[in-house]
Amino acid sequence: MATDKVSDDTFEAEVLKSSTPVVVDFWAEWCGPCRQIAPALEEIAKDLGDKVKITKLNIDENPNAPAKYNVRAIPTLIIFKDGEVVDTLRGAYPKNQLAAWIGGAVDGVA
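Using full-length UniProt numbering, the letters of the sequence shown map in sequence onto residues 1 to 110.
Keep in mind the hints are simulated off the structure, nothing from the lab. Backbone N, C-alpha and C fix where the C-beta goes; we use that ideal spot for every residue, glycine too. Treat the hints with caution; some may be incorrect.
Label-pair restraints from in silico Cβ distances [to be verified]:
id, residue 1, residue 2, range
1, E12, P94, 25 to 33 Å
2, S7, R90, 15 to 23 Å
3, A100, N64, 27 to 35 Å
4, A100, E61, 28 to 36 Å
5, A67, D47, 26 to 34 Å
6, N96, A13, 27 to 35 Å
7, G32, D82, 17 to 25 Å
8, A73, P94, 27 to 35 Å
9, D9, E29, 18 to 26 Å
10, E42, G91, 17 to 25 Å
11, S7, R35, 28 to 36 Å
12, K51, V85, 26 to 34 Å
13, G49, K5, 25 to 33 Å
Result set (DSSO-like, lysine-lysine): computed pairs, CA atoms no more than 27 Å apart in a straight line [as the list claims (entries may be wrong)]:
id, residue 1, residue 2
14, K46, K81
15, K68, K5
16, K46, K5
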């Protein structure tokens with residue numbers, strides 16, 4: 001399973017109503033650090049399989065969700081479980097730190 005794209009239109013169905021935890025990567029095409037962490041998120045999505053869904057939301061094309069969740073800098077990663085925010089991480093981190101953060105949050109709420 002690779003990362004999926006979500007939009008303001010699909011956010012509620014894909015993220016808030018998901019039966020599994022969802023990581024939303026708020027990013028933009030012009031953001032260097034966003035592009036830097038993208039391959040790591042793809043690998044983590046494959047490693048974790050069905051335990052978690054990792055999604056990407058382009059903030060330039062979808063202004064509503066970033067505004068609602070107070071995303072002021074990118075990359076911002078937010079983990080949602082049962083429609084609620086579980087944890088937030090801002091900035092670019094190496095794969096091992098991203099995997100530990102996602103794994104810890106997912107295991108902690110599963």
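Here is how each hint holds up against the structure:
The hinted window of 25 to 33 Å between E12 and P94 holds, with their beta carbons roughly 32 Å apart. The given range of 15 to 23 Å is respected by S7 and R90, whose C-beta atoms sit roughly 21 Å from each other. Look at A100 against N64: about 30 Å separates their beta carbons, and that is inside 27 to 35 Å. A hinted range of 28 to 36 Å holds for the C-beta pair A100 and E61, which are about 30 Å apart.
The given range of 26 to 34 Å is respected by A67 and D47, whose C-beta atoms sit roughly 32 Å from each other. One distance hint, 27 to 35 Å for the beta-carbon pair N96 and A13, holds here, with the actual separation near 32 Å. As the Cβ distance of G32 to D82 is approximately 33 Å, the hint placing it in 17 to 25 Å is violated. A hinted range of 27 to 35 Å for the beta carbons of A73 and P94 is inconsistent with their spacing of about 19 Å.
In this structure, D9 and E29 meet the distance hint of 18 to 26 Å, their C-beta atoms being roughly 19 Å apart. With their beta carbons about 18 Å apart, E42 and G91 fall inside the hinted range of 17 to 25 Å. In this structure the supplied range 28 to 36 Å is violated for S7 paired with R35, their Cβ-Cβ distance being about 19 Å. Hint check: K51 to V85, Cβ distance near 18 Å, so the stated range 26 to 34 Å is violated.
In this structure the supplied range 25 to 33 Å is violated for G49 paired with K5, their Cβ-Cβ distance being about 19 Å. The suggested pairing of K46 with K81 holds, with an alpha-carbon distance near 19 Å, which does not exceed 27 Å. At roughly 18 Å between alpha-carbon atoms, K68 and K5 fall within 27 Å of each other, so this suggested pair holds. Of the pairs offered as hints, the one joining K46 and K5 holds, with about 15 Å between alpha carbons and a cut-off of 27 Å not exceeded.
Hint compliance for this structure: hints 7, 8, 11, 12 and 13 are broken, all remaining hints hold.
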